[in-house]
Structures are given as structure tokens and as C-alpha cells.
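Residue numbers (my numbering), protein chains in the order written: chain X, 1 to 212; chain G, 1 to 224.
Derived by calculation from the structure, the hints in this document are not laboratory data.
Think of the CB as a built atom: it goes at the ideal place given N, C-alpha and C, for glycine as much as any other residue.
Just to be clear, a hint being listed does not mean it is correct.
Pulled from the structure, derived: some chain X residues nowhere near chain G, Cβ distances all over 10 Å [stated by the list, open to error]:
hint, residue
1, E53
2, L77
3, K80
4, L160
With a straight-line cut-off of 35 Å between C-alpha atoms, the simulated DSBU-like cross-links for lysine-lysine are [said to hold, decoys possible]:
hint, chain 1, residue 1, chain 2, residue 2
5, X, K135, G, K171
6, X, K143, G, K171
7, G, K171, X, K148
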Amino acid sequence: MNSPDTIPAEPAAIQSRTLMHGLILGGFCLGFGIVLAVTDRLTIADIGARALEDRQNSLSQVIPDSIHDNNPVTDTLVVKNARDKEITVYRARKEGRVTGVAYEIYGTGYAGEIKLMMGIAADGKLLGVRVLAHKETPGLGDKIEEKKGDWILRFTGLSLGDPPAERWKVKKDGGDFDQFAGATITPRGVMVAIRSGLDFFAANKAKLTGGS
Amino acid sequence: MANDYKTIVRDGLWDNNGVFSMLLGMCPAMAMTTSATNGFGMGLATAAVMAASSYLVAVFRNRITQEVRIPVYILIVAAMVTLVDLAMNAWMHELYKVLGLFIPLIVSNCLPLARLEAFAAKSPALPSLVDGLFMGIGFTIALTAIGAVREILGSGTLFADASLLLGPAFKTIELRILPADMGVLMMILPPGGFLVTGLLVVVKRLLDLRAGKEIQMGGAHSVA
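Okay, chain X solo, but in the shape it has when bound (with noise of 0.2 Å):
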């Protein structure tokens, strides 16, 4: 190993010797590939579940059942949002009738994306907007969170219109809602997103909450 000139002198016991490293390596990997594709196996169907379970949580908390008598989860219907982007859209129905749609949307915080999914009844009314996933600082951006305040609750029941488009904004954009001490950043990347859901609401009603 340590002096050059013993290397070329027996480049058959090196082939060979690369040779054993390079099967010892693929054995590890084809063994560990093996017991890795069978928990895959084990898991998938269970894994499938949950996350379903987790959509349907986040649903329920936004669509009151007393609305519909269908699973919105199973529901769905895809629709380009003005971004070009794709928006899943879980439809509630009564007696076939589309009474509410909820989609999720997107805004963007102090420290990064905040997803959120939001409700809202085939009439325009906001049924209830959650936060699903977002980094914000604890203790002053997570308020945004239903179980650390009820901002977010204050929502419930508002529309496009009510109040008008140009007050969807915090107080100090000159808007009507409350921002938080110490946190305007958050509140307002919440509010653009609720309000590009309103209108995203807004310019595919028909197609939301027509029929099939």
C-alpha cells in the first residue's frame, strides 16, 4: 500500500481484489434492497390509509357534515387556478347537489409556504379556512394555528363582497382584519391566500359546484 511500485507488479491480484469489494458492495445492496422493498410492500396499504385519514381530518374541520351526506375525499375534481397551477377540489354534496367545495391554498409567510385548506359553501360563504402545514415563528406567527388562537376562526361565514374585495387585507394594509403584536407578515400571507381563493372560487363557480 504505502510504496507505488509494488502496485503495478501484481495488477491481477488487484483486479481481483477490486472485484471482491465491488461484490461485497453489490451483496449489501441487493440484500438491503430486498428487505426494503418488502416493508415497502407491508407498509403501503396502511400508509394509504393514513393519508387519507389526515385529508379527511383536514376536510371535516373545514365542511360541516351537516352539509353533505357524500365523501368530499373521494369527490374531487381538478381545476386550473389563474397561476396555471392544478387545484384539487373535494366537492360536498346533499342529494347530488354540490352545497360546498373545499381546495387548498397557498400563502406565503415569514419563513416560507403556508398551506392551508379552506371551505367555502356553494353560495360564496366562507365555511371555515384551517392551516395545515407552515414554519412560522412560534409564539408569534403560529396564532395563525385554530389551537393556538381563534383568529383564523374569524373568517367563518364572510364572503367576497362582505366585506369588499379591496378590505380583504390586514388593518395595516388598510384592510379589515387584524394582524397580530409582533406579526404582520404572517397574517397578511394568510390573507392573500384566502383571498386568491375567493377568487379563485369566484371565477369557476359554475364549474365547481355544477352537477357531476
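Following the hints, complete the assembly by docking chain G onto the known chain X.
Below, chain G alone, put in the same frame as chain X:
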């Protein structure tokens, strides 16, 4: 041999503690310790990975050549992490929602790799399993301690959401130490991680120093 195991356990839990003595695994030790519960959960997941990978490396130690040992170790750790990740997602979903993002980071934690190289590569299977397990438990204790201090100072609670992780029976250990809004926000932000980890390292060293001094003054220690 029994004595040997005692040393392994002592090393893992205190003398050679991964975080407080070797200063390894600093990334999860600071990133995941915004609460005692998070630290505990992350520690347990790491302990499971460490025990399994130490055992496997020790079993295969005579088949792994010097030249390819590092890729094989990383392969084994990565495989164990993926197993834990999939199993937790499927069967411990509540815990997974809290820790899920950080499980893959166990691969980049240098503590498992350090133990494989320093211990499991040269030791029989059973002692390696014990070493991996107790190093992992020591890691869990360290993370829980850092998390507890940060949580008490930062949010005023202790073991908040523990019932989410351990089951409804543990609702009783969720404590409120300080009134809400009394917390020092910085403690749950990244700087708090550095401050608290540093201070706890100091505390551990002081305790060691004191123990060492007492032994010397008592004249009970044998010169090695």
C-alpha cells in the same frame, strides 16, 4: 464479561455520552429539541436505528473489507432509517406527523456511524447491540434534557403533547411550569439550542470534575 457490559452501559449513558461528551449528533440535538417530547421521540427513533445497525455491522464484520466498510455502514444505517420511517408512517402515524420530517436526518447523524466504526466493527454481535442501544438511550436522555430545559424556559410547559406520542395514559405528565406568555421565545428558536446544549455540557463536565475530585481527595481511586 458482565463487567464489560457495565462499562458499555456506563459509557453510553454518561461517561462517553454521544452528545455531552463526544459532541456528536449536534444537528438533531439542537434542531429537534424545541420540546422534551420531541427530543424524546427523536432519541428513541435514533436508538432503534443505532441498536439495529450496530448489531448488523457486528454480525457481518468479518465479511466487510476495510476498503468498502464506510459505504456498507452508510448503506446499513440508511436501510434501518428507511425501515423505521416506513414502519412509523404506517403504524405510529401521530408520532410520525411530529417527527416524520426529521427521521431521514438520522442517516446524516454521525453518532451511529461513529459507533459502528469505533465499536461494532471490532466487537461480537451482542456487545455491539448493547453498545448501540445504550449509546442511543444516552442520546435520548441528552435530547430529552435539552428539550426539557428549552421547553420550560421557552414555552413554560414540560412534556407538552406527550400523550400524542406515548398514548392518552401519559396526559398526566404534561405539565405547565410557568404561566403562558412568560416563556423566553429565544429558547425555542435555534440560538436557544446552542445556549442550552453548551450549558448542559458545562454542567456535565462540572459534575464529572467534582466526582473526580472527591475520589482523589478520598484517596479511593487507583492509578491506572
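Each hint tested on the structure:
no. : hint            : in the structure
1   : E53             : violated, 8 Å
2   : L77             : holds, 27 Å
3   : K80             : holds, 30 Å
4   : L160            : holds, 33 Å
5   : X:K135 / G:K171 : holds, 26 Å
6   : X:K143 / G:K171 : holds, 23 Å
7   : G:K171 / X:K148 : holds, 19 Å
Hint compliance for this structure: hint 1 alone is broken.
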